[in-house]
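S.K.: Given next are the chains, with one letter for each unit.
2 protein chains.
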Amino acid sequence: MLFAKAAILGIGLIGSSLARNLKQNQDVRELAVYDASPANLQKARELALADICTDSLPEAVKEADVVIFATPVCSFGELAQQIKSYLKKGAIITDVGSVKQYSLQEIEKYLNKKEGYIVVGGHPVAGTEKSGPENGFASLFKGRWCILTPDENSTPEAVALLTKMWEHCGMKVDTMEIAHHDKVMAAVSHLPQLIAYSIVGTVADLEGYEHKEIIKYSAGGFRDFTRIAGSDPTMWRDVFLTNKQTVLELIQRFVEDLIALERNIRWDEGDKLFNLFKRTQKIRKDVIEAKQDQPEHEKRILEELGAKNIDKAE
Amino acid sequence: MLFAKAAILGIGLIGSSLARNLKQNQDVRELAVYDASPANLQKARELALADICTDSLPEAVKEADVVIFATPVCSFGELAQQIKSYLKKGAIITDVGSVKQYSLQEIEKYLNKKEGYIVVGGHPVAGTEKSGPENGFASLFKGRWCILTPDENSTPEAVALLTKMWEHCGMKVDTMEIAHHDKVMAAVSHLPQLIAYSIVGTVADLEGYEHKEIIKYSAGGFRDFTRIAGSDPTMWRDVFLTNKQTVLELIQRFVEDLIALERNIRWDEGDKLFNLFKRTQKIRKDVIEAKQDQPEHEKRILEELGAKNIDKAE
Numbered sequence: 005m006l007f008a009k010a011a012i013l014g015i016g017l018i019g020s021s022l023a024r025n026l027k028q029n030q031d032v033r034e035l036a037v038y039d040a041s042p043a044n045l046q047k048a049r050e051l052a053l054a055d056i057c058t059d060s061l062p063e064a065v066k067e068a069d070v071v072i073f074a075t076p077v078c079s080f081g082e083l084a085q086q087i088k089s090y091l092k093k094g095a096i097i098t099d100v101g102s103v104k105q106y107s108l109q110e111i112e113k114y115l116n117k118k119e120g121y122i123v124v125g126g127h128p129v130a131g132t133e134k135s136g137p138e139n140g141f142a143s144l145f146k147g148r149w150c151i152l153t154p155d156e157n158s159t160p161e162a163v164a165l166l167t168k169m170w171e172h173c174g175m176k177v178d179t180m181e182i183a184h185h186d187k188v189m190a191a192v193s194h195l196p197q198l199i200a201y202s203i204v205g206t207v208a209d210l211e212g213y214e215h216k217e218i219i220k221y222s223a224g225g226f227r228d229f230t231r232i233a234g235s236d237p238t239m240w241r242d243v244f245l246t247n248k249q250t251v252l253e254l255i256q257r258f259v260e261d262l263i264a265l266e267r268n269i270r271w272d273e274g275d276k277l278f279n280l281f282k283r284t285q286k287i288r289k290d291v292i293e294a295k296q297d298q299p300e301h302e303k304r305i306l307e308e309l310g311a312k313n314i315d316k317a318e
Numbered sequence: 005m006l007f008a009k010a011a012i013l014g015i016g017l018i019g020s021s022l023a024r025n026l027k028q029n030q031d032v033r034e035l036a037v038y039d040a041s042p043a044n045l046q047k048a049r050e051l052a053l054a055d056i057c058t059d060s061l062p063e064a065v066k067e068a069d070v071v072i073f074a075t076p077v078c079s080f081g082e083l084a085q086q087i088k089s090y091l092k093k094g095a096i097i098t099d100v101g102s103v104k105q106y107s108l109q110e111i112e113k114y115l116n117k118k119e120g121y122i123v124v125g126g127h128p129v130a131g132t133e134k135s136g137p138e139n140g141f142a143s144l145f146k147g148r149w150c151i152l153t154p155d156e157n158s159t160p161e162a163v164a165l166l167t168k169m170w171e172h173c174g175m176k177v178d179t180m181e182i183a184h185h186d187k188v189m190a191a192v193s194h195l196p197q198l199i200a201y202s203i204v205g206t207v208a209d210l211e212g213y214e215h216k217e218i219i220k221y222s223a224g225g226f227r228d229f230t231r232i233a234g235s236d237p238t239m240w241r242d243v244f245l246t247n248k249q250t251v252l253e254l255i256q257r258f259v260e261d262l263i264a265l266e267r268n269i270r271w272d273e274g275d276k277l278f279n280l281f282k283r284t285q286k287i288r289k290d291v292i293e294a295k296q297d298q299p300e301h302e303k304r305i306l307e308e309l310g311a312k313n314i315d316k317a318e
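For the protein sequence lines, the chains are A and B, in the order given.
Each residue of the first sequence is one higher than the one before, counting from 5 in the working numbering.
Each residue of the second sequence is one higher than the one before, counting from 5 in the working numbering.
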C-alpha cells in the first residue's frame with residue numbers, strides 16, 4: 005500500500021490504464037477518478053475503475069495523498085487552481101503530461117512547496133492511438149520507460165513513492181531535467197506525431213485521387229501514418245502549443261533534410277539515397293536491440309484490443 | 005495447376021513469399037528461383053523454397069510458362085535482355101514492382117507481343133520492413149490487394165491466370181491503368197516511405213541529444229518510423245528514382261502543408277490544429293472500416309515473425 009487515497013484527474017487512455025493498475029497492484033486503499041465528461045464517467049463506472057467516479061473536483065481530491073493530473077496539459081493550471089482549497093496539506097501532486105516545462109509551471113503557480121504541497125512531474129512514455137477509458141488496459145505500461153522530473157518542489161520521499169507506483173505498473177523509471185525532457189520528447193515523439201498528422205492531411209487532400217482508392221490501398225504504408233494520426237486531437241494540440249519553440253526548431257531541421265532528399269531524387273543521386281536508407285536501417289536495429297519494439301509486446305497489445313472488440317468495424 | 009513451370013527472379017521478401025505460395029497452393033509443377041546473391045540462394049535451398057535454386061538465368065527461365073520479376077526495379081531492363089534468348093515463346097512475363105510505368109517500359113523493350121511474349125504488370129501491395137528469403141512467409145499476402153496493370157502486350161487469358169495465382173495467395177485482385185497506379189502508389193506508399201526515411205535521419209542527426217536517449221525513448225512515436233525506415237535500401241532507392249516526377253510533386257505539396265502547420269503552431273492557432281487532427285482521426289476510421297488495418301492480421305504477422313525468431317536481439 006503506497007497511498008491511502010489517490011485521485012486521478014482525467015480518465016482517458018492513460019488515466020484509466022493507471023486506475024486499473026492502482027487497484028490491481030493494491031497500491032491504494034481508496035481510488036477516486038474525476039472527469040468532466042459524463043460519458044467518460046459512465047464508462048468508468050461500468051468498468052468499475054475506481055471507488056469514486058465523480059465530476060466533483062472537491063469530492064475527488066478530498067483527503068487524497070496523491071493527485072495525478074491526466075487531462076490534456078492546457079487544463080492543468082485551471083485544475084490546480086480549482087483543487088487548491090480542497091487539497092490536504094502535504095499531498096503529492098504529479099502528472100502524466102508529455103510536456104513538462106509548461107505543465108509544471110502551470111501546476112506550480114498554485115501548488116508548490118511554499119503552499120505546503122509536493123510536486124513531482126511525471127511522464128509514462130506509453131500509449132496507443134486510442135483514447136477514452138474503454139481503451140485503457142493494465143499492461144499498457146509494461147516494459148516502457150517512465151520519466152520523472154523532480155524540481156525544487158519535490159522531495160526524495162515523493163520521488164521514491166512514485167517510482168514504486170510506476171514500477172508496479174511494469175515500467176522502468178528514470179529521472180530527467182525538465183527542459184531536457186521536453187527536448188528529447190520533441191524529437192522522439194512530438195515531431196513524429198506532427199509529421200504523421202501532416203502527411204495524412206496531405207494525402208487525403210489530393211484531388212484526382214479518389215479518397216476510396218487511398219483508403220483501399222493504404223496497406224502500402226499510408227496506413228501506419230493513419231494509425232499515429234488517429235490519436236487524441238485535444239491532447240496533441242496542447243502538446244504542440246506548449247512545447248512550441250522546440251517543435252518549431254525541429255520542423256525547420258526536418259524540412260531542410262527533406263528538401264535535400266528531394267534534390268537527391270531530382271538529380272538522380274541514388275548513392276546518397278542509398279546511404280541514408282542504410283543508415284536508417286541501422287537505427288532500426290538499435291531500436292530492436294534496445295527492446296523498444298518487441299513483437300511479443302505488440303502482440304499482447306493487439307490481443308487486448310481484440311479481446312475488447314474496440315474496432316467495431318472489424 | 006496453373007503453370008507447368010514458373011521462374012521467380014529475385015528471392016527476397018516478396019519473391020520468397022510467393023515461392024512458398026506457389027508450392028503450397030500446387031499452382032506449379034516445377035518452380036525455379038534465380039538470385040545473384042549466393043547467400044540468398046543458400047537460404048532458399050535450406051528453406052526448400054523451390055525445385056531449382058540457381059544463379060543461372062538460362063537454367064531458371066528455360067521452359068518456364070511464367071517468369072516473375074521480383075528484383076529491385078532498376079534491374080528489370082538488364083534481366084529482360086539477358087533472359088530473352090532462353091525464353092520459351094508464348095511465356096507470360098509479370099513482376100511485383102512498386103512502380104509500373106518504368107518497370108514495364110524496361111521489360112517491354114525486350115519482351116513484348118511482337119517478339120512472341122505476353123506481359124502483364126503486377127504489384128502485390130503487401131510487405132513488411134524485413135527483407136531476404138528468410139523473412140518471407142506464405143500468409144504475407146492474405147487479405148491484401150494485388151494490382152494488375154494489363155497493356156497492349158497482355159492477353160485476357162494471362163490476366164485470368166495471374167489473377168488466380170494471386171487469389172490463391174489470399175489476395176483481392178484489381179486492374180488499374182499504369183500511370184494511375186504510379187500516382188496512387190506515390191501517395192499511399194512512396195511519399196510515406198520517404199517521409200519515414202527523412203524523419204529518422206533528422207532525429208538521428210540531432211546534436212545535443214544523445215543517440216542512446218533517442219533509442220531508449222523511441223516508444224514515444226519515433227519507433228514506428230524506424231520500423232518503416234528499416235526497409236530494403238536498394239528497393240526503395242529504385243522506387244524514388246523511377247517514379248521521380250510524381251514523388252517530387254508530392255514532396256512539394258507535403259512541405260507546403262507542413263509549413264502551414266508550423267505557422268499554426270507559431271501563431272497559437274489551436275483550432276486549426278484541432279480541426280486537422282479531427283479530420284485525420286476520421287480517415288483512420290475509414291481505414292479500419294475498409295479492413296486495411298486489422299489487429300487479427302497484424303497479430304498473425306507478428307506470430308510469424310516471432311516463430312521465426314527474426315529479431316535476433318530479442
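Do not rely on the hints blindly, as some may be mistaken.
Given that identical chains are not distinguished, each listed pair holds provided it fits within a single copy or across any two copies.
Cut-off 20 angstroms, straight-line C-alpha distance, at most; resulting in silico cross-link-like pairs (DMTMM-like, lysine to aspartate or glutamate) [as the list claims (entries may be wrong)]:
| # | residue 1 | residue 2 |
| --- | --- | --- |
| 1 | K117 | E63 |
| 2 | K92 | E214 |
| 3 | K134 | D297 |
| 4 | K286 | E171 |
| 5 | K295 | E273 |
| 6 | K276 | E260 |
| 7 | K276 | D236 |
| 8 | K93 | E273 |
| 9 | K66 | E119 |
| 10 | K295 | E156 |
| 11 | K248 | E119 |
| 12 | K286 | E211 |
| 13 | K134 | E34 |
| 14 | K93 | D155 |
| 15 | K289 | E34 |
| 16 | K92 | E217 |
| 17 | K289 | E119 |
| 18 | K289 | E82 |
| 19 | K282 | D209 |
Don't read these hints as lab results, they were simulated from the structure.
S.K.: For each hint, tell me whether it holds in the structure or not.
M.R.: Taking the hints in turn, this is what the structure says about them:
For the identical chains of this complex, K117 and E63 are neighbours neither inside a copy (23 angstroms) nor across copies (80 angstroms), given an alpha-carbon limit of 20 angstroms. Proximity of K92 and E214 under a CA criterion of 20 angstroms is satisfied in neither setting, with 58 angstroms inside one chain copy and 40 angstroms between copies. For the homomeric pair K134 and D297, the shortest alpha-carbon distances inside one copy (19 angstroms) and between copies (14 angstroms) are both at most 20 angstroms. In this homomeric assembly, K286 and E171 never come within 20 angstroms of each other (Cα to Cα): the closest approach is 31 angstroms inside a single copy and 35 angstroms across copies.
Taking identical chains as interchangeable, the C-alpha atoms of K295 and E273 are never at most 20 angstroms apart, the minima being 34 angstroms within one chain and 38 angstroms between chains. Taking CA atoms no more than 20 angstroms apart as the test, K276 paired with E260 passes inside one copy only; the shortest distance there is 15 angstroms, against 24 angstroms between copies. For the homomeric pair K276 and D236, the shortest alpha-carbon distance between copies (15 angstroms) is at most 20 angstroms, but the shortest distance inside one copy (37 angstroms) is not. Taking identical chains as interchangeable, the C-alpha atoms of K93 and E273 are never at most 20 angstroms apart, the minima being 65 angstroms within one chain and 38 angstroms between chains.
Taking identical chains as interchangeable, the C-alpha atoms of K66 and E119 lie at most 20 angstroms apart only when both belong to the same chain, with a minimum of 17 angstroms there against 86 angstroms between chains. For the identical chains of this complex, K295 and E156 are neighbours neither inside a copy (33 angstroms) nor across copies (51 angstroms), given an alpha-carbon limit of 20 angstroms. Neither within a single protomer nor between protomers do K248 and E119 lie at most 20 angstroms apart by alpha-carbon distance, with minima of 29 angstroms and 62 angstroms respectively. In this assembly of identical chains, K286 and E211 lie within 20 angstroms of each other by CA distance solely across copies; the values are 18 angstroms between and 37 angstroms within a copy.
When the C-alpha separation of K134 and E34 is checked against a cutoff of 20 angstroms, the pair qualifies neither within a copy, at 27 angstroms, nor between copies, at 48 angstroms. Proximity of K93 to D155 under the C-alpha cut-off of 20 angstroms is restricted to the intra-copy arrangement: shortest distance 19 angstroms within a copy versus 78 angstroms between copies. In the homo-oligomer, the alpha carbons of K289 and E34 never lie at most 20 angstroms apart, since the shortest distance is 44 angstroms inside one protomer and 37 angstroms across protomers. For the homomeric pair K92 and E217, neither the shortest alpha-carbon distance inside one copy (57 angstroms) nor that between copies (37 angstroms) is at most 20 angstroms.
With identical chains, the CA atoms of K289 and E119 are never at most 20 angstroms apart, being 48 angstroms at best within one copy and 46 angstroms at best between copies. Within a single copy, K289 and E82 get their C-alpha atoms no closer than 44 angstroms, and across copies no closer than 33 angstroms, so neither meets the 20 angstroms cut-off. Only between protomers do K282 and D209 lie at most 20 angstroms apart by alpha-carbon distance; the minimum there is 14 angstroms, versus 32 angstroms within a single protomer.
In the structure shown, a violation is registered for the earlier hints numbered 1, 2, 4, 5, 8, 10, 11, 13, 15, 16, 17 and 18, in ascending order.
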